[in-house]
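Enquirer: If you read the protein sequences in the order shown, they are chains A and B.
Under this note's numbering, the residue at position 198 of the first sequence is numbered 198, and the numbers go up by one with no gaps.
Under this note's numbering, the residue at position 172 of the second sequence is numbered 172, and the numbers go up by one with no gaps.
Please note that a few of the clues may not be correct.
Unchecked claim - The calculated EDC-like cross-link candidates involving lysine to aspartate or glutamate, where the alpha carbons are at most 16 Å apart (straight line), are:
| no. | chain 1 | residue 1 | chain 2 | residue 2 |
| --- | --- | --- | --- | --- |
| 1 | A | Lys93 | B | Asp82 |
| 2 | A | Lys189 | B | Asp159 |
| 3 | B | Lys248 | A | Glu87 |
Simulated from the structure, these hints should not be mistaken for lab results.
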Amino acid sequence: MWLIDSSIGRKFIMSITGVFLVLFLLFHSLMNFTVIISPEAYNAICEFLGANWYALVGTSVLAAGFVIHILYALYLTAQNMRARGKERYAVSKNQKSVEWASQNMLILGAIVLGFLVLHLYNFWYKMQFAELTGIHTGQFHPADGAAYVADLFSSPVYCVIYIVWLVALWLHLTHGVWSALQSLGLNNKTWLPRVKVISNIVSTIVILLFVSIPVYYLLGCGSGC
Amino acid sequence: MEKTINVTLKVWRQAGPKAKGAFELYKLDNVSTDSSFLEMLDVLNEKLIKERKEPIVFDHDCREGICGMCSLYINGHPHGKDGETTTCQLHMRRFSDGETIVVEPWRSAAFPVIKDLMVDRSAYDKIIQAGGYVSVNTGGVPDGNAIPISKIKADEAMDAASCIGCGACAAACKNGSAMLFLAAKVSQLALLPQGRVEASARAKAMVAKMDELGFGNCTNTGACEAECPKAISISHIARLNREFLCAKFQD
Ligand code: HEM
Ligand code: SF4
Ligand code: FES
Numbered sequence: 001m002w003l004i005d006s007s008i009g010r011k012f013i014m015s016i017t018g019v020f021l022v023l024f025l026l027f028h029s030l031m032n033f034t035v036i037i038s039p040e041a042y043n044a045i046c047e048f049l050g051a052n053w054y055a056l057v058g059t060s061v062l063a064a065g066f067v068i069h070i071l072y073a074l075y076l077t078a079q080n081m082r083a084r085g086k087e088r089y090a091v092s093k094n095q096k097s098v099e100w101a102s103q104n105m106l107i108l109g110a111i112v113l114g115f116l117v118l119h120l121y122n123f124w125y126k127m128q129f130a131e132l133t134g135i136h137t138g139q140f141h142p143a144d145g146a147a148y149v150a151d152l153f154s155s156p157v158y159c160v161i162y163i164v165w166l167v168a169l170w171l172h173l174t175h176g177v178w179s180a181l182q183s184l185g186l187n188n189k190t191w192l193p194r195v196k197v198i199s200n201i202v203s204t205i206v207i208l209l210f211v212s213i214p215v216y217y218l219l220g221c222g223s224g225c
Numbered sequence: 001m002e003k004t005i006n007v008t009l010k011v012w013r014q015a016g017p018k019a020k021g022a023f024e025l026y027k028l029d030n031v032s033t034d035s036s037f038l039e040m041l042d043v044l045n046e047k048l049i050k051e052r053k054e055p056i057v058f059d060h061d062c063r064e065g066i067c068g069m070c071s072l073y074i075n076g077h078p079h080g081k082d083g084e085t086t087t088c089q090l091h092m093r094r095f096s097d098g099e100t101i102v103v104e105p106w107r108s109a110a111f112p113v114i115k116d117l118m119v120d121r122s123a124y125d126k127i128i129q130a131g132g133y134v135s136v137n138t139g140g141v142p143d144g145n146a147i148p149i150s151k152i153k154a155d156e157a158m159d160a161a162s163c164i165g166c167g168a169c170a171a172a173c174k175n176g177s178a179m180l181f182l183a184a185k186v187s188q189l190a191l192l193p194q195g196r197v198e199a200s201a202r203a204k205a206m207v208a209k210m211d212e213l214g215f216g217n218c219t220n221t222g223a224c225e226a227e228c229p230k231a232i233s234i235s236h237i238a239r240l241n242r243e244f245l246c247a248k249f250q251d
């Protein structure tokens, strides 16, 4: 099967799942941003995306996207380390044009994954999971997302943790978005610099939308200002 | 006036493919700054021979930047720190007096060391053999301008064709990937009408060979382009991806 056996096939899967995750993040960040504008509207979305078939199908597809992306990331990285060989350079330097993020995608991904587990515990476990199983895992109503957000971010430690997480994700995306387009062959000499700019803009928009929420609560605006 | 410098060389010595290698230090005085890096190594080797020691083995041929035989990882960069320069075109004026210069072979699983600084780069030849050509019937030579080709395409193909197959791309890549080389060799033909005929089969065969030989997966770090002595652009890699994916989806 060429999607597993060939290097470009593997990169194809990596980039498709990556783009899918980016699109999800774009949706997720827009949805979260509403909590600042109107907690009621945000709760309405939480209600809508509770334990019903379409939200569950969405969640399963999303989880599959993550699992495939991560499995391929591990497989690709293992192969790449083997290809580099046992004997390493004593001195090896990068030219300036080589982005740091591009050489540390697995580390950045691992950081993202680590915090993701925490994030699922903070929200998903108390919301969709609670609704699904009927077990009351959190102190608020499962669809009262706004209350969970306000509660979590009333702790400055959590605000900082989430901001660190988002910085790692931002670095992953600044390289990831243009890299995915390049892997899909949607690039040429004229578009190469443009695609890199697009990549920076997309990842910055997504991250700013997300970051605005802990920052909003950190500045004390959540309790009425 | 000729200027001279004194340098210390830290050179990788390895008796054979299976032997364990190690760095060895050599002091070389009065090196002319007008000499090339390889001429400097020649002087060192003459000195070693006079001292009845084994000379250092390294690859070279044309010494004018066109054949792709020279290699060497110098102070952490393939072909040295300068951009768009092969080792044979690198001059000693780029180094300072008293400097210690670290010289290593290409290190990549697909490029095993033969001896000292010489590595086996026949993997690249095998990739070319897998499809990096246009099959022709022998016969009369066709007219030069019988097939119209736009200037833009001709230039782009010519840029790709400037790849000398030196292997610096895979040597520089943290993933040991040969994608820049492959992209150049696929692009130089895929851009031209004569090469289009076999384009899909070529992309598939060459990529399959590259994977079989144990090169890594490209993660678009761009280290290859930055170190390539011929400044081959990674936009050719996008073309290779496109050619390969289109060929696979057509099957
Ligand atoms: C929200 C989460 C994530 C998003 C949006 C995302 C997105 C992307 C994108 C767009 C790419 C570029 C694909 C390409 O070059 O073709 C990529 C590459 C990569 N990702 Fe992620 N990713 C995420 C999470 C993760 C996680 C959790 C890991 C690992 C544990 C990971 C590891 C990697 C690695 C190693 C690469 C480079 C692989 C390569 O280029 O061959 N990612 N990611
Ligand atoms: S692409 Fe550049 S670095 Fe790679 S083999 Fe060709 S000339 Fe050498
Ligand atoms: S010896 Fe021919 S390119 Fe350097």
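Enquirer: Taking only the CA atoms, is the gap from B/Lys248 to A/Glu87 under or equal to 16 Å?
Expert: violated (35 Å)
Enquirer: Decide if the proposed pair is consistent with the structure: A/Lys93 and B/Asp82, CA atoms, cutoff 16 Å inclusive.
Expert: holds (12 Å)
Enquirer: For the pair supplied as a hint, A/Lys189 and B/Asp159, is the alpha-carbon distance within the 16 Å limit?
Expert: Status holds; Cα separation ~12 Å.
Checked against the numbered hints listed earlier, the structure breaks hint 3 alone; every other hint is satisfied.
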